[in-house]
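Here are the chains, one letter per residue:
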Amino acid sequence: MSEMRYEAPKTVEAAVALLAGASGTLRVLAGGTDLLVQMKSGRVDPTLVVDVKGIPEMTTIAVENGGFRFGAAVPAMTLHEHAAFSKAWPGLTEAAMLIGSYQIKGRASVGGNLCNASPAADSVPALIAAGATATIAGPNGRREVKVEDIATGPGKTSLGKGEIVVSFFLPARPAHSGDAYLRFIPRTEMDIAVVGAGINLTLDASGKCTAARVCIGAVAERALLVPDAAKALVGTTVDAAAIEKMGAACSAAAKPIDDKRGTKVYRTKVCGVMAKRAAAIALNRAKGAN
Amino acid sequence: MAKQHVMTTINDNAVEFLCDMHQTMLDVLRDELHMMGTKEGCGTGDCGACTINVNGRMACSCLMLGAEAQGKTITTVEGIAQSDKLHTLQRKFIEHAALQCGICTPGMLVAAKTLLDKNKNPTEEEVRYWLAGNLCRCTGYNAIVTAVLDAAKEMRGA
Chain U
1 MSEMRYEAPK
11 TVEAAVALLA
21 GASGTLRVLA
31 GGTDLLVQMK
41 SGRVDPTLVV
51 DVKGIPEMTT
61 IAVENGGFRF
71 GAAVPAMTLH
81 EHAAFSKAWP
91 GLTEAAMLIG
101 SYQIKGRASV
111 GGNLCNASPA
121 ADSVPALIAA
131 GATATIAGPN
141 GRREVKVEDI
151 ATGPGKTSLG
161 KGEIVVSFFL
171 PARPAHSGDA
181 YLRFIPRTEM
191 DIAVVGAGIN
201 LTLDASGKCT
211 AARVCIGAVA
221 ERALLVPDAA
231 KALVGTTVDA
241 AAIEKMGAAC
251 SAAAKPIDDK
261 RGTKVYRTKV
271 CGVMAKRAAA
281 IALNRAKGAN
Chain C
1 MAKQHVMTTI
11 NDNAVEFLCD
21 MHQTMLDVLR
31 DELHMMGTKE
41 GCGTGDCGAC
51 TINVNGRMAC
61 SCLMLGAEAQ
71 GKTITTVEGI
81 AQSDKLHTLQ
91 RKFIEHAALQ
101 CGICTPGMLV
111 AAKTLLDKNK
121 NPTEEEVRYW
131 LAGNLCRCTG
141 YNAIVTAVLD
151 AAKEMRGA
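Listed in order, the protein sequences are those of chains U and C.
Residue 215 in our numbering sits at position 215 of the first sequence; the count goes up by one each step and never skips.
Residue 52 in our numbering sits at position 52 of the second sequence; the count goes up by one each step and never skips.
Don't read these hints as lab results, they were simulated from the structure.
Honestly, I wouldn't trust all of these hints.
As the list claims (entries may be wrong) - Result set (DSS-like, lysine-lysine): computed pairs, CA atoms no more than 30 Å apart in a straight line:
id: 1; chain 1: C; residue 1: K118; chain 2: U; residue 2: K87
id: 2; chain 1: U; residue 1: K156; chain 2: U; residue 2: K255
id: 3; chain 1: U; residue 1: K53; chain 2: C; residue 2: K85
id: 4; chain 1: U; residue 1: K10; chain 2: C; residue 2: K72
id: 5; chain 1: C; residue 1: K120; chain 2: C; residue 2: K85
id: 6; chain 1: C; residue 1: K120; chain 2: U; residue 2: K87
id: 7; chain 1: U; residue 1: K264; chain 2: U; residue 2: K287
id: 8; chain 1: C; residue 1: K3; chain 2: U; residue 2: K161
id: 9; chain 1: U; residue 1: K53; chain 2: C; residue 2: K118
id: 10; chain 1: U; residue 1: K208; chain 2: U; residue 2: K245
id: 11; chain 1: C; residue 1: K72; chain 2: U; residue 2: K40
id: 12; chain 1: C; residue 1: K3; chain 2: U; residue 2: K40
id: 13; chain 1: U; residue 1: K269; chain 2: U; residue 2: K231
id: 14; chain 1: U; residue 1: K208; chain 2: U; residue 2: K269
id: 15; chain 1: U; residue 1: K156; chain 2: U; residue 2: K40
id: 16; chain 1: U; residue 1: K255; chain 2: U; residue 2: K245
id: 17; chain 1: C; residue 1: K3; chain 2: U; residue 2: K10
id: 18; chain 1: U; residue 1: K156; chain 2: U; residue 2: K10
id: 19; chain 1: U; residue 1: K53; chain 2: C; residue 2: K72
Computed from a predicted structure; not experimentally measured.
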């Protein structure tokens, strides 16, 4: 084990300075529910751990331009307990609340789920479907990035040295919008997604879909945004035929691996099924039934 | 190796300790503070045996660094009884024989108390979901769920 430094800075700038100025294996600590497991198993042996839970903008939820901004280190439970947030984004909230036990949900954050970069991360397809952007801070200042551009493969992100994901921004919600996330696991609780699907859609007053985003998880090296699946919904009333076409587009986009949790063939089929069921829930929510 | 000086509150007592950077809160409780109530099961956040309450939320102490305890308010199983008077939950666990080997019990008690602190009248389903992160290999869970529901009932004065 290396000599490890632990720092708990109070500002993003101080956290960035610590990470940019250090060499060796550097890790950001939010909930620690992945990092401590990796440290214990010897997979990661950090020389510097920067605990970001003392940084106010990384741990708060705020209304911004009619939408929400929430810190990357906000625990899943805090999103769930925030009445206005969980009402506006029930799909994203439910996705975050699928992560582990209540012990884990009280600590695990969406920022950590994203930056751990597991292809099976539950909150990530929901976050991408929601059209979230991330604010990234680094030695050269801040930049806004689409969430789908952050994870690049298992355990890998596009973040540069010294960069951290500070917060996520979810735009104002048009009327008649709904989101949903479903995953398949062979148990009822506490498991890792075999496949996941997040959907976010908006209807006009007549019930026609004007915008949609569909993102599938655990069927590729990272969560995949599927524009063809969204196209299948836009312009329709999200009827059975449109939902069927959308599910088929998801299965067509999936490029899963065989592993102990599921085979390629199984995952390809079930990701379409999960997407169809999630679309039905999102549609109901868009029509006002929460 | 340099040690971290941490000041925290455990079971209403101000506590100071020195810890190695790699030590988890579980390691600190057991090896530095000699508070043996909190148990280590899996060590990877799956079993809940090491559950403690940190600032009102339950957490696996095996997935928390000791250094993170700075300034926090922590409750462990040792803080549940009032001196030698057992908490209702503890009494109900005994009455309903909700334990056998006892390794999961401290975590179960801390988790159940965290639930009852915020929800005085949970349904059986809510208790079962809440305790999904606490594994027990002896009881089959029924006696535990019954004990928690019965404790809730008595605490409501019903």
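Verification of the hints:
no.: 1; hint: K118(C) to K87(U); result: 21 Å, holds
no.: 2; hint: K156(U) to K255(U); result: 18 Å, holds
no.: 3; hint: K53(U) to K85(C); result: 36 Å, violated
no.: 4; hint: K10(U) to K72(C); result: 16 Å, holds
no.: 5; hint: K120(C) to K85(C); result: 21 Å, holds
no.: 6; hint: K120(C) to K87(U); result: 24 Å, holds
no.: 7; hint: K264(U) to K287(U); result: 35 Å, violated
no.: 8; hint: K3(C) to K161(U); result: 27 Å, holds
no.: 9; hint: K53(U) to K118(C); result: 23 Å, holds
no.: 10; hint: K208(U) to K245(U); result: 16 Å, holds
no.: 11; hint: K72(C) to K40(U); result: 23 Å, holds
no.: 12; hint: K3(C) to K40(U); result: 19 Å, holds
no.: 13; hint: K269(U) to K231(U); result: 20 Å, holds
no.: 14; hint: K208(U) to K269(U); result: 27 Å, holds
no.: 15; hint: K156(U) to K40(U); result: 20 Å, holds
no.: 16; hint: K255(U) to K245(U); result: 18 Å, holds
no.: 17; hint: K3(C) to K10(U); result: 21 Å, holds
no.: 18; hint: K156(U) to K10(U); result: 26 Å, holds
no.: 19; hint: K53(U) to K72(C); result: 12 Å, holds
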